[in-house]
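Chains as they are written, first to last, in our numbering: chain A, 1 to 348; chain B, 1 to 342.
One or more of the hints may lead you astray.
[What the hints assert, rightly or not] Listed below are several chain A residues computed to face chain B (Cβ distance under 10 Å; list not exhaustive): (1) 36; (2) 158; (3) 187; (4) 260; (5) 321.
It is worth saying that the hints were derived from the structure and are not from the lab. Even glycine gets a Cβ: it sits at the ideal position worked out from N, Cα and C.
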Amino acid sequence: MVSVGKMRELYADMVTARYYEERLQEEYLEGKQPAFDISAGPIPGELHLAAGQEAAAAGVCHHLRPDDTVTAPHRPHHVAIAKGVDLKRMTAEIFGRKTGLGKGKGGHMHLFDPDVNFACSGIIAEGCPPAAGAALAAKKRNEDAVAVAFLGEGAIDQGAFLESLNFASVHDLPVVFVVEDNDWAISMPKERVTDVEDGSDRAAGFDMPGVRVDRDDALAVYEAAGEAVGRARDRNGPTLLEVQVHRRMGHFMGDPQAYRSDEDEEAALARDSIDRLESELRDHGVDDDGLAGIREDAEARVEEAIAWAKEQPQPAPEDAHDDVFVNPPSGVTTDEPEFELAEVNGDE
Amino acid sequence: MSESEGVVDRELTMSRAMVESIAHEMRENEEVFYMGEDVADYGGIFDSTQGLLDEFGRDRIMDVPISETAYLGAAVGAAQEGMRPIAELMFADFFGVAMDQIYNQLAKNTYMSGGNVNVPLVLTAAVGGTYNDAAQHSQTLYGTFAHVPGLKLVVPSTAYDAKGLMHNAIRDDDPVMYLFHKRLMGIGWMPAPDGPKTPVPETDYTIPFGSADVKREGDDVTVVTLGLHVHRALDAAESLAAEGIDAEVVDLRSLVPLDTETVLESVRKTGRLVVVDEDYRSFGVTGEIIARVADRDLDALDAVERVAVPDVPIPYARPMENEVIPDADDIEERVRAVLSAE
Ligand SMILES: Cc1ncc(C[n+]2csc(CCOP(=O)(O)OP(=O)(O)O)c2C)c(N)n1
Chain A
1 MVSVGKMREL YADMVTARYY EERLQEEYLE GKQPAFDISA GPIPGELHLA
51 AGQEAAAAGV CHHLRPDDTV TAPHRPHHVA IAKGVDLKRM TAEIFGRKTG
101 LGKGKGGHMH LFDPDVNFAC SGIIAEGCPP AAGAALAAKK RNEDAVAVAF
151 LGEGAIDQGA FLESLNFASV HDLPVVFVVE DNDWAISMPK ERVTDVEDGS
201 DRAAGFDMPG VRVDRDDALA VYEAAGEAVG RARDRNGPTL LEVQVHRRMG
251 HFMGDPQAYR SDEDEEAALA RDSIDRLESE LRDHGVDDDG LAGIREDAEA
301 RVEEAIAWAK EQPQPAPEDA HDDVFVNPPS GVTTDEPEFE LAEVNGDE
Chain B
1 MSESEGVVDR ELTMSRAMVE SIAHEMRENE EVFYMGEDVA DYGGIFDSTQ
51 GLLDEFGRDR IMDVPISETA YLGAAVGAAQ EGMRPIAELM FADFFGVAMD
101 QIYNQLAKNT YMSGGNVNVP LVLTAAVGGT YNDAAQHSQT LYGTFAHVPG
151 LKLVVPSTAY DAKGLMHNAI RDDDPVMYLF HKRLMGIGWM PAPDGPKTPV
201 PETDYTIPFG SADVKREGDD VTVVTLGLHV HRALDAAESL AAEGIDAEVV
251 DLRSLVPLDT ETVLESVRKT GRLVVVDEDY RSFGVTGEII ARVADRDLDA
301 LDAVERVAVP DVPIPYARPM ENEVIPDADD IEERVRAVLS AE
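Just chain B, same shape as in the assembly (with noise of 0.2 Å):
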């Protein structure tokens, strides 16, 4: 079960569980500042940052020009002199523009420098589409970042993940990108589905990166998954549970590190794998998942299939991103396909 049913009463969206961390770890140390575009006055157009700039005003909530290269370099910079920023470019398909500050300089100086500079920076964007806003602003790219060596890769999927991963995320010492995926945040103009509402502890606590969670056990089928995926997975494991089909759910949480271990164990139980991704299905992380599976224990598996966008950009028509972003019946297709591939 989820670690976050029953702990409090209190329920949070994701957007104001992550706010809620950020703000504990400005009040708890001076060096954690927040820079990013419409992050002030905005509150950050995925409610990202809403009311922080009122507790912590512009010195240390900063709005910045539309210069990627300059303030996510200039991240890099201070998070070297010891800060601890927190950047956000709002959504991940933006990052591109910046991407040598990105994966040659915050991803590689650690190692250059023979660990004698370190980066402790936070990097958020949003990520993913299901909302027809096409090719250049629905991308999820985790296989893009969790692909260069270097950089931690966290992907929330509840509000209780979301605030233990961020404290996690803003006192780790090294760079990590947290890519939150906009129909998980619970704004008002974006629906999100009814799961990553939950309960949230007011204290801090943090969630260790690495650690995949099981948000639904089930003997049949390993469904290996992250971000919105997770809600779309477990409601195919709730109509799949009405086939007679007991499907376990395993929440990812992180890409770098990845939790190769909890995979494992769920197919060495179900001996059958189900990896869902919203990224381009090639070079990508259902290939990961099942490479890692398939090098550790072979025997473990009898029937593998991925689930993840075709190898084409998002499309923007509905009927087309419909076809490519994988849904609910998406899963309980390639479900099925496992089971009946003895």
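The shape of chain A in the complex, shown without the other chains (with noise of 0.2 Å):
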């Protein structure tokens, strides 16, 4: 049984993910209108929501301590929040700004916040490696600390994934790694990517534990989370666990998802995972007002991070050339002053 207390952390994870990618979208909209021109507007590049998806983060993460780590893939918004990332450096971020968690550097789908261990790639089932290099270092170390590998259900056809199974199998290590099955790899439903419907399953493979959650469901999600993370920190080994999610948006903003039927999309608007928590709490004495107090506290949070960061300095052209190494070589930089070929010859 999940206690109120913790269902109220879980919505409350919940909300603020939701809201903060409603926020996004509307920032990252503007200037992109009327034609959407991708790098247009105080957001450019790409942006990958995870609308829908929030159950699997804070179902998992909410098992984890700062100084776990978590590994997330190019969709990792509501990952981060959940891990307890600073929202405000993280929003500064992606806003491409200069006191964001990578100056600015890294953007949305690589976000690093090593107060809280939380790391991301845009290069899909390449987060798995690391966590599991992560796992390693903490077993080496003799420390309890635990790793999470975050990936979708279109990512476990990857080589990365596959070989970082076995290796964490193999060296038993503290490692969870959660495929958030949201039913779509871009314009590839599930089922023409895999004949194996529970990708759960692929843990038999590997001798280890596979666990399945099919329901967008935190509760349920929390609790396959507590016993797989406890198996980590109990030194038990790693488990493959897989949560059903879903899509509500497009892959990312801009994906006019001609490739999706209309039922596919209402399908997945009506399984939403913040809805069933919201009757859960419900039918545990949390009224109108509970909810709404949760509820305004992280829209509050949200703004309040947004504001911040447009706020924040755009970094200087030059900062570009920093950061390459932590330890630059003395007397290289990377805008070298061009060579004179007359002087070189010693023709003048």
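Hints given; two lone chains; assemble the complex.
Below, the structure written as structure tokens:
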């Protein structure tokens, strides 16, 4: 049984993530209209939103401590929020500001917050090996920290994932692989990328537990993740946990989704984990005011982060040259002066 | 002048031109098929396969799981059986996950078999930045792939070139990497500059690899470049013309094979060379072009400059991305520098 207090916390993270992304969407579309131009507006580049996937992030990350490691994929905001990534600095990063998590160098797919051991990558499944590596470090140091790699169901065919499962299993690493099954990998429906319905079945091939939660249910995820994270923390090895979620929007902002049927989209919208958790909370005596209170707090937090981020300075153009190395080789700059051929030839 | 001018009335975007040549080759040859992520129902994230599924069906326009080692490697295997696969990975940045299939299998099997095996495969991918998608989605990596012997490497800058080079790529019996710049494709959500949309003949035609195209003639300085930067160099040349500087713009169109002759001929005329590349500066295209010219005719060179990404990953935020990806102003500045280098 999940306590009501914990349910409220899960709910708070989920509504924070949902509201955050609604606001990002608004900000993103600014300046991109009427003709959508991906490089225009205050947030340029691609933007992958995770509306419909909040239960997976909240349900898993609520078992994690700041010293536990999380690697997220290209759709990272809900996971980052649940892991406790600094919301203001994350937002500043997405707006490309100097005080962002990566000083404006990474953007929304590449958020790094070492304070809570969070990282992500835009290359599919490539967060899996580093998560195994973080788990390896914890094991070698005899610490009880764990690592969690998040990936989509489209990523489970990738070599990096399958190799990581084997590596983690062979070395009994304290790592949990969390597959967020949202039924789609861009335009590819799940049934066309795999003949195995339950991604968690793949665990059997690596002699590790495989668990699937086939509802958009934060509480069920929380319970399943509790076991998986507990197993890792108790040194009983890795787990593959697959969680059914839904993609409420296009793959990225601006994806017209011509490949997707209206029924599929409607079905996704109807299965909302936030609604589901709300009715659980009501069953446990939390009334409208109680729910509204949590939502208002979440919204206030988001508005504060966005307002703060937008006031932050832009990076200077020259900042582009810093941070290639933490230990820059002396005497070498990335914009070295051009040599003059005449001098080299000595013919002047 | 560009070969494409004055040929026909009909203008196409670069993506339409590519698709037209692919469709033509698929009609002519049953052995040609197309494999990649989101190439069927989506029509290619960058419109690179728009409409092909309707005509050719799923057997020949194949969506594949996100398993690059498997499907790029499978394309190598099918090609070795004599089929003519075209395999697409939406961003060149993603090739890394399947690198062995590319630089050890695809590139080397012909040689290691003493020429007894050949790999008639076209590998396509989008390259380039200028839309703030950060370091893992903005690279051009021309140098990386041109560096490995055994891969032909093509980079179109106009619809006319895109079609002719694609016909050639599919008919070629060797592996060809065909890298198209996102900014040139003419997709709705990423406005292209004016240049890439050109007249394109309806009939098929080939543009041989290793034939650089002089996109603008000029007497004072040679600007050598490829891809998006052809258009930036042409813009720079227009502004410089107003200052009385007459720049010649050479579009390489292919890096392997490289048309050193056309570059040399131009440098012999102008005496000054500026090489412009959207890839990282060190160990790349700019160094290679300058080295070849210096090797072959050092006396022809009065001054050289290079304009490229200054050995930093492509940053996300706009001011920093603008700083590292060369624009027309950067090109103009380096052109003025070679002209004052006497
Ligand atoms: C190695 C690699 N191949 C392809 C891509 C392009 N890509 C980005 S997201 C994506 C689909 C991912 O689907 P899934 O793992 O199910 O995650 P979702 O987007 O549904 O959250 C693809 C193919 C990439 N980023 N990296």
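Going by Cβ atoms only, is residue 36/A closer than 10 Å to chain B? At about 5 Å, which falls below the 10 Å cut-off, the nearest Cβ of chain B leaves the hint on residue 36/A intact, so it holds.
Minimum Cβ distance from residue 158/A to chain B below 10 Å? holds, 6 Å
Using 10 Å as the Cβ threshold, decide whether residue 187/A counts as touching chain B. Nearest chain B Cβ about 4 Å off; hint holds.
Interface hint status, residue 321/A versus chain B (Cβ within 10 Å): Given a least distance of 6 Å, the restraint on residue 321/A holds.
Status of the residue 260/A interface restraint (C-beta, 10 Å, chain B): Holds. Min distance 9 Å.
Against the hints set out earlier in the document, no violation occurs for any number.
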